[in-house]
Structures are given as structure tokens and as C-alpha cells.
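Order-wise, the sequence lines are chains A and B.
So for the first sequence, my numbering puts the first residue at 1; every next one is plus one.
So for the second sequence, my numbering puts the first residue at 1001; every next one is plus one.
Hints were generated in silico from the structure; no laboratory data involved.
It should be emphasised that the depicted structure is a prediction, and the values quoted were computed from it without experimental measurement.
Careful: at least some of the hints might be erroneous.
[What the hints assert, rightly or not] In silico lysine-lysine, BS3-like type, Cα no more than 27 Å apart, as pairs:
id, chain 1, residue 1, chain 2, residue 2
1, B, K1120, A, K56
2, B, K1436, A, K110
3, B, K1423, A, K52
The chain contents come next:
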Amino acid sequence: FSCGAEGLSTPSVFQDTQEKEAVTPERAEEAKLKAKYPNLGHKPGGSDFLMKRLQKGQKYFDSGDYNMAKAKMKNKQLPSAGPDKNLVTGDHIPTPQDLPQRKSSLVTSKLAG
Amino acid sequence: FLGAGGGNDIQWCFSQVKGAVDDDVAEADIISTVEFNHSGELLATGDKGGRVVIFQQEQENKTQSHSRGEYNVYSTFQSHEPEFDYLKSLEIEEKINKIRWLPQKNAAQFLLSTNDKTIKLWKISERDKRPEGYNLKEEDGRYRDPTTVTTLRVPVFRPMDLMVEASPRRIFANAHTYHINSISINSDYETYLSADDLRINLWHLEITDRSFNIVDIKPANMEELTEVITAAEFHPNSCNTFVYSSSKGTIRLCDMRASALCDRHSKLFEEPEDPSNRSFFSEIISSISDVKFSHSGRYMMTRDYLSVKIWDLNMENRPVETYQVHEYLRSKLCSLYENDCIFDKFECCWNGSDRQERLFSTEPFLSSFPPLCSIVMTGSYNNFFRMFDRNTKRDITLEASRENNKPRTVLKPRKVCASGKRKKDEISVDSLDFNKKILHTAWHPKENIIAVATTNNLYIFQDKMN
């Protein structure tokens, strides 16, 4: 083992000689982020980000849309999902087939090769 | 650093690397978990494609005394398949989130593997003989015309080429609304827990149609959600005790004897934060991505984005040790947030035979005790991984790369230059490859052998045997 100083160092606090207060690296990064995205939520790491985590895997096929679109189709010939396969809700009838097919891997893992 | 200090200094050498050489990585090949079994003879990996590959260590060869047995493929199978829950419009990934081995009770091996929603108990067994000499069947399985049978014989078992079979023995499904992040087998070897973002369930290994909810942090109004469960583990010795960590950097220890629903913790471990240091990133980087008890059960280790912390179970108000994994990233948090790397979930592990405490005051004088050795390991970016020796307080950065693959050559330590003038052999922070992450590492339970997973390759390193 080397006696790496980086192992146990505390966060560096650098002084900008032109400012009166010390700015931690974290705060400087925060200022950069806010400058780029002024509308970023004011709740740091709050509900929005957690909700996104909980909703991972949500896809857009909606049986409500499907049935409503089918009901509308009485007289009109509604197209099924057009060239843009990502758009499966709206005016055209979404179908389970429109969702990108997830096939399981039939190939053996390369770790076993 | 070579030879400095006592006999505890480990010199790591490349041993093996598994996986494809090409840079074009298929999603399915991304390794998502690595775990040694209790003896260290078997090493399992899980990947994003839902597959499990198990390697077995060769028996030690007397003529090759300078290296331990190599790990070769023992079994591979498809553990989980992609599913679509039409009721919830939810796509369920087949990615294996965790594998945990059961201790071996008989000739077969058992492991639990889980994806986001379903846990499976797999039995891995060997077949090295087969019955031959049936009266009514030919050797290839075709039935014989009974009228041609003129004598009877007793079928016998004859040796055959070893066949390793994996079969799912239990499927524990439909108990998790949210995504499973952890499974942990209890020290009673009969029960285990599974944890998702908001709930923890207790199962019996024999029973698949019932599960007990032991922690539920879902708020009545989801708008009030402020934290999620990120990891959970049973205590290694107390079968009634477990811990779970949160996205806010806290760890709660619960005792199942206290009540059926352990919503009230017995202990809450939290390091006080300096409010003047608080920033947009504070909570995100404090989120704990992994929690692991030490073998004695007296300590636990947590991993958050920038550091590894060691906690004494007897002290809740702060960790006893903090090790900075890659402090130089603190001034890069803005870009790490933009490219999502700030949400990477690094794991951590203890050395296999971690021994931290002297059992008796006379111990140093008795040479029969193994030396104190307590080292923790975790991954970083650029295919770097870090080790911290808790006794000597020294740390090292090593790299998992095919360029270093000369067996028995000691790995060269790496150094990242945070700012200022970069010395020769150092790498600057801006040159780090953030796509090369080491999230999963494992340490052999008895020997100094480690398994380190890069995106799609598995490296095995061992200490240099003299």
C-alpha cells in the first residue's frame, strides 16, 4: 500500500481572491448547475427524483387509450401506430405489439465463452 | 510500498479475465452482480440479460505451488426473463440485481437470484453417473420391441462426463410493488429478506405463497415521499436483527423481536451534516448504495457516492472511520449530475477473513492466532478500484485492465491528479473514463483472491505467493 494522501483528505476549500467568502467545490458546482438549468426544482433530490426512480420501467401502452380509440373507430379507419413506434398513445390505436419486443437472451453469456 | 510495513501488505497480481475483448458491449452482457459462495470454491455472476454464470476453482495443483486454482466455467443458465405487466403497463427487466448463496448442506449448491420483482431459489447439482442396461430401452432411449427381449438384467450406474444442472426450486413472486434492491439470507438459514424501494419482506425458504412485510415506509400520501430504501442486510449472527439504508444517508437497525412491523427502528445511524455545507447535491451524494456487516457483526460499512464509512453498531451518531474513494469528483458534480453518473450505485466489501479485534489481551504473544487484517474494497471510475487497510491506514488504487495481464506481476498502483501539475504516470480527473465503472467487487471468504467486474468483463486477482 502507498501512503496516499488522497485517501483521507477532507474536501478542499479554495479561496477566490476576488471574493470575500470561501466557496466550497460543491457549492461552486451547484452554481454551475443552476446557471445551466434555472428551472431546476428547488427541492434538492426531492420527491420528483424519487418518483422517477419508483416509476422505472413504466411503458406507454394504456388500455384506456386502446379502448377509447377502438370505440372511436366505428366509422373512421384509424391507423395503427405509424412510423414512430414510440408514440403509442393518442389518436391511433396502441397495441401490445407496438411496444418494443423484449426477447430474452438466447445467446450464452460471453463470460462463459 | 513493496515490502514496507508488516506481513500484512498484500501484493496483488493479475490472475484471470473473463468475457469478450471487444469494446462494443451488448446491454445483456453488462455484469450486474458478483458473489463468492461460502467456501470460495464457486464464484457467481449475474448480468443484465438475466443470465447467471458460475465459475469453479480448480483443485490446487501440487506442482503449481505458486498460484492458487483457476476459476473455470462450472454452470450457466438463464435465471430471469423479461416480462411485461400489462395491468400496470410496467416493463420488468430481467437484469439480475443480486445473487446470494446458501451455505452448503448436501452435495448440491443453492443460490437465490433476484431481478426487480421475483426471487428464485436455484439448485445446482452434479451428475456424473447414469443408469445403463435397461431392459425395455436402448441406450439412446428408443424403446425395444418387447418380443425381442430374451433375458433380464439389472440396470447399473456407470460413470459419465460431469454434467452440471441448474433447476429453479422455488419462485418467490408477486410480493413487491417496487423494485427489489437487496436480498439477504438470515443466519438461521431458514429465512431471508427482500427489500424494495419502500418495503422489506421476510420469507421462509420453503414457502413461496406467503411473505411477511416487516418494514413499510410508504407514506399515505405519495407527495410526501422523502426517502427510499436503498439496501438491507441481516446481521451475520443475530437472527432477529437487520439493517436498512436510505437515500438520505441514514441506516436503521431493526429488531424483529420488538414488533411484527419494524417501522420503528431500534437504532438510527446518521452522521450530522454541517448545514452551511449543504448544496443541491448533498442529499444525492449521501444516498447509501450498499451496506455490509463485518464478519463479527460488530461493525457495518456503508458506501455513498464519494466515500466508504465504517460504523460501530454501538455508536449511532457518527461513523468511526471515513475513507474518501474519489474526493476529486466533488468539483465535478455538475457534469456527473448531467451524465447521470452521480446516481451510480457502487458496492463495497470486506476482506474475506476480516479480523479486527484481538480476542484476548495476551493475544499478541500467541503466534497461533491469524494476524489482524481488516481491509475494505470498493470500485470507482476508469476501471479503478480502491482498497483501504483499516489497521495500517494505507490505501491503494488499482486498475482492472487487460494491459496489466501478466500473471504473477504485481499490479502497479494508480494515482489520480486532482488539480495542478500532473506527474508522470498520474492521470488527470478530466481524462477519467466515466463509462468504465467498477460497481461490483467480491472478496474470497478465506483467501486473498478478489473478483472485480468491469462493465462486461470479470477480473480475478490474487496476492503474490512467495
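Non-conforming hints, listed in increasing numerical order:
Of the numbered hints given earlier, the structure breaks just one, which is hint 3.
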